[in-house]
Amino acid sequence: MTQYTERSKNDIPETASRSGSDATYTESKDDPFNETDVYQYQNKSSYVDVIDVCYLSNGPNSRAPNGGRRAHRRLANVIEMCSYLKNSGNRRDCDTRIISICQTYSWASLDISQDTLQTILSHYNVSREFTPVLKSFYPKTMELEEGFITSPWRRINQTFPNGRLAYEMGYIFKYPEIKSVDQTTGFETWSIRQTGVYQRVVGDVDEDKGNILILLHPRYSSPLQKELEAALVYGDSASMLHNADGEGSMITKKNTSPLELHLFILGTYLYNWRAYMKKEEELLIKTSYEALCIDITEDLPFNELYEYLSGLHNLERRLAPLKSIFSATRRILQLLTKLNDTYTHPDRVNIKERLENLEEMVNGFDDNLQYLISRLGSISSLLSNTISLKNENTSNQVSNSMLKYNRFTVDDSATVRVITLVTLIYLPPTSVSGFFSMGALFSVQNDGISQKANTLITPYIWLYFVVVIPLTAVTVAYWWWKSRRQRLERGKHETSLA
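Under my numbering, think of the first position of the sequence shown as 1, with each following residue one higher.
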């Protein structure tokens, strides 16, 4: 960015030395309009529009309303700028000079060479406080500093090198503007843009170094630039009817207050906030209707829910910077009100009322912003609660299924325990009978008459029961003790985890 110093009207920029991206200019006592000194910059293009608002004593010979003459020039480089400043140096009838500098697009740097910019700043003794405004117009590739606005500033009763008194002020004004419109659907894409403003007002006119207004536009042929040209150059007041301030034609009148230009600037863009917030509210209402139509008893459309939540997140991201923007706009209006109170002019009361009306308009936009943010939060909560309720419902269904499964498992476990117990009871007798052999305990005899077999129990059958009964008791007791021990250990483990 350019750094500059205040200097007298005989000082000029002579050389420039750069370090990184900054440039620091030195000074000399030579003629600032000597084309041989600035010949090295002639190949650097610029895009600077200059409108001189002048008033003539001879009204019938004028070419603009109220006996005024408007001179409009577009300067392409520093040579043309120096030549224009030199040739217009003897215009004592010039009331205000408006210099418009544009960006190629809103994310680009200002379309002006550093030497041309330095010539303008040094010629009009622009204060250093304007540097933060200039630094806000830098090239970027993402949405940086959307909510940051350089604080407005003013300097009242400043003494210039020639002893003149003046006031200076500067600020950045942010506002929404339509970026593109879909020809098929008519969908509007909006963008937050900014305009830089510098004004110096001098009590008396000394050659061409009187009142000056420097405007930094976000693009070529911006609405403000076209409105100013229509009103001041072509005398067309039809477009002023759409100005939010409602009195845009005041800037064409002779001896009008310097603050009329600020009212015109703010009024050109301020009312865009209503259309911008209306478009965001339409998107919010559409999303809320779709969220209310979700049936929680059915499977949730997670892809659509993700789109809803993403859309709400993007909407919240777009609304987030507006609070600081509205606050900065109020500070600008309050600064203009204070400046109006210190400036003696017949329209002071009228201007104060209009500034207060614009401030109330900003307050209304801020209230609407709070409403949108609260409604956005409620819809986001609705979607989040819908997902939570659906997840809870699914969890309950899973829990019920697990409960039924556990019941079946308990029944199966009881059956297994019965089978185990029966097996433990039958296992010892079976093993013992196999060990002793049943032939040793029972004998078979044939009856010689009937030829029938008779089974007889031997006297040693008591040995079988003596062995089987204690062995069965020991086996069942060991199983019961082992099972009880496992239950106790499991209970201790669960208690330690709890």
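Simulated from the structure, these hints should not be mistaken for laboratory data. It is possible that part of the hints are untrue.
What the hints assert, rightly or not - Listed below are the simulated DMTMM-like cross-link pairs for lysine to aspartate or glutamate, each with C-alpha atoms no more than 25 angstroms apart in a straight line:
#1 253 to 290
#2 323 to 145
#3 279 to 304
#4 286 to 316
#5 404 to 282
#6 338 to 359
Each hint, compared with the structure:
{"no.": "1", "hint": "253 to 290", "result": "violated (54 angstroms)"}
{"no.": "2", "hint": "323 to 145", "result": "holds (13 angstroms)"}
{"no.": "3", "hint": "279 to 304", "result": "holds (21 angstroms)"}
{"no.": "4", "hint": "286 to 316", "result": "holds (15 angstroms)"}
{"no.": "5", "hint": "404 to 282", "result": "violated (49 angstroms)"}
{"no.": "6", "hint": "338 to 359", "result": "holds (13 angstroms)"}
Hints 1 and 5, counting from the list given before, are not met by this structure.
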